[in-house]
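From first to last, the protein sequence lines are chains B and C. Sequential numbering of the first sequence, starting at 1, is according to the working numbering. Sequential numbering of the second sequence, starting at 1001, is according to the working numbering.
None of these hints come from the bench; they were simulated from the model. Small disclaimer: the values here were computed from a predicted structure and weren't measured. A virtual CB, placed ideally from N, CA and C, is assigned to each residue, including glycine. Check each hint, because a few of them may be wrong.
[To be verified] Far from chain B by the CB rule (all over 10 Å, computed), these chain C residues: (1) D1003; (2) L1007; (3) L1022; (4) G1043; (5) P1049; (6) L1182; (7) G1227; (8) W1305.
[Claimed, not checked] Chain B stretches covered by chain C per the calculated footprint, using a threshold of three residues with CB under 8 Å from any CB of chain C: (9) 5 to 12; (10) 35 to 45; (11) 50 to 59; (12) 79 to 90.
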Amino acid sequence: MTNLAMWARLKSPWVIHFNSGACNGCDIEVVALLTPRYDVERFGIKLEPSPRHADVLLVTGSVTKQCADRLKRIYDQMPQPKFVVAIGACACSGGVFQGTYGTLGGVDKVLPVNAYIPGCPPRPEAIIDGVVKLLNALAAPPAPPKASEEEAATEAPAEEVTEVPAETAPDAPEEVKKDAE
Amino acid sequence: MIDYPLLIFRVLVFPGFTFILLFTMFCDWVERKVEARMQNRMGPSFTGPHGILQPIADFIKMLTKEEITPCDSKRNVYKYAPILALSVLVFAMAFLPIDGSSVIPGVSFAGDLIFVMALVSVANFMLFLAGWSSTNPYSAIGAARVMTQFLGYDIPLVLLALVPAFLAKSLTISTIVASQWLPFAILAPWAFVLFIITMQAELEKDPFDVPHAESEVVAGHETEYSGGKLAFLKLARDVQIVFGAALITVLFLGGANGPVPFGFLPELWGTLWFVLKVLVIVVLSEYLTVLFARLRIDQVVRVNWQFILPLTVLSLILTLSLAYWVYPMV
Chain B
1 MTNLAMWARL
11 KSPWVIHFNS
21 GACNGCDIEV
31 VALLTPRYDV
41 ERFGIKLEPS
51 PRHADVLLVT
61 GSVTKQCADR
71 LKRIYDQMPQ
81 PKFVVAIGAC
91 ACSGGVFQGT
101 YGTLGGVDKV
111 LPVNAYIPGC
121 PPRPEAIIDG
131 VVKLLNALAA
141 PPAPPKASEE
151 EAATEAPAEE
161 VTEVPAETAP
171 DAPEEVKKDA
181 E
Chain C
1001 MIDYPLLIFR
1011 VLVFPGFTFI
1021 LLFTMFCDWV
1031 ERKVEARMQN
1041 RMGPSFTGPH
1051 GILQPIADFI
1061 KMLTKEEITP
1071 CDSKRNVYKY
1081 APILALSVLV
1091 FAMAFLPIDG
1101 SSVIPGVSFA
1111 GDLIFVMALV
1121 SVANFMLFLA
1131 GWSSTNPYSA
1141 IGAARVMTQF
1151 LGYDIPLVLL
1161 ALVPAFLAKS
1171 LTISTIVASQ
1181 WLPFAILAPW
1191 AFVLFIITMQ
1201 AELEKDPFDV
1211 PHAESEVVAG
1221 HETEYSGGKL
1231 AFLKLARDVQ
1241 IVFGAALITV
1251 LFLGGANGPV
1261 PFGFLPELWG
1271 TLWFVLKVLV
1281 IVVLSEYLTV
1291 LFARLRIDQV
1301 VRVNWQFILP
1311 LTVLSLILTL
1321 SLAYWVYPMV
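Using the sequences and the accompanying hints, generate a full structural model.
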């Protein structure tokens, strides 16, 4: 039964896309995934309009302070089990907006992120590869993170998959809660 | 004397519940493939051979997800509307002669066409209730659109369903099927074309899919649903599409009657012809869906009252005249 559920989960990851203050570059690459050239529906990936239907939250953009509580709310509206993929340099670390007064700098300041896909913007192939690595990490039994993974990150296209147990969602840092008011 | 094992087999396995559900999943896969190929894509490819298990994977995945009930929702309605919509539609399917006779032997009665059309209305009302009870603005708009569209298009649908009834001079579905030695789609092609257009609106497919227009109302009446309830809601929609195609098959294409009669295993050949005809209609309907852009809600309503309804009445008058003065002489 668990195998069946896992098979179904791996074969039909429905995604929802959220722009938390991106410049639209990454958004275009996300939309490119649905075009005939890349066609992620081959893998059963569908872009769903409602967060209630989705399994994977694709976040682009360094999280602006205006957007932070909206992003958190969208995440809270998704049913378990749910996963977050940070797409683009801004979503991973804040990118060129790192340290500015209006942004928090990175999705992981607000949400537990399961996979980081760097790039400005990342190519659609890189996004597909990141999602596939996320799914493979789900299928594999949980293992302690290895130090050797950082070596792979130096090769292009660079994707790193960081496993965060989705069930234990850490609360947002105090400053986020304060700023979100 | 009723043969109980046979009855239970027919209701639960073939051509009842299991067959209808598996056939629905298959039709869903066919739709997604046709849509993808028309858009120059591949569609589901890696879930089973050619992605044929994709709808089943989606269904199981939705069943295993967390179910969220909004705290303001009308809980009982919210909970039971998807299940009721599904069961009403499967029940309506049981009246259609899938393998030459209806699912429960002897359930057919005089006037069951009206009963089946009423069940369609009840199922649509369940979809409306599903959206209305979740008290989400998008769901409410989607539900109101379901109701607006359904109130308009149900009238031409029922009037057009009367065309085969007049041609067969009966309101019994089995009699309508039995009297189609020549399919009614050939005797009354105008009603056939109108019925397909109206059915597109009734099934909320393009160009009439305003109730769940993603760019306007998120997912319409499905917006708040998640987990198993979403699975049943989506399955109800897919069964509705198959039911619509099956109704067109029964009323206009001669149901399980094949062009060549075979002496042995009539049930098997009947099912084969029925399934083939339903698939043709499903593919045709998906072609229309991909070809046309979405109308606005006011355009949908205007198309109904200004064009479809007058044309329906005209086609009914034309068919009646032909049925009483021309066809008996041929």
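Here is how each hint holds up against the structure:
1. D1003: Consistent with the label, D1003/C stays out of reach of chain B, its closest Cβ about 35 Å off (over 10 Å).
2. L1007: With a cut-off of 10 Å, L1007/C remains clear of chain B, as the shortest Cβ separation is near 31 Å.
3. L1022: Its Cβ never comes within 10 Å of chain B, the nearest being 16 Å, so this holds.
4. G1043: Non-interface label fails for G1043/C: nearest chain B Cβ at 6 Å, not farther than 10 Å.
5. P1049: 13 Å, holds
6. L1182: 41 Å, holds
7. G1227: 6 Å, violated
8. W1305: 29 Å, holds
9. 5 to 12: holds (count 6)
10. 35 to 45: With 6 residues in contact (Cβ-Cβ under 8 Å with chain C), the coverage given for the segment 35 to 45 of chain B holds.
11. 50 to 59: holds (count 4)
12. 79 to 90: Our answer is that it holds, as 3 residues pass the Cβ test (under 8 Å) against chain C, meeting three.
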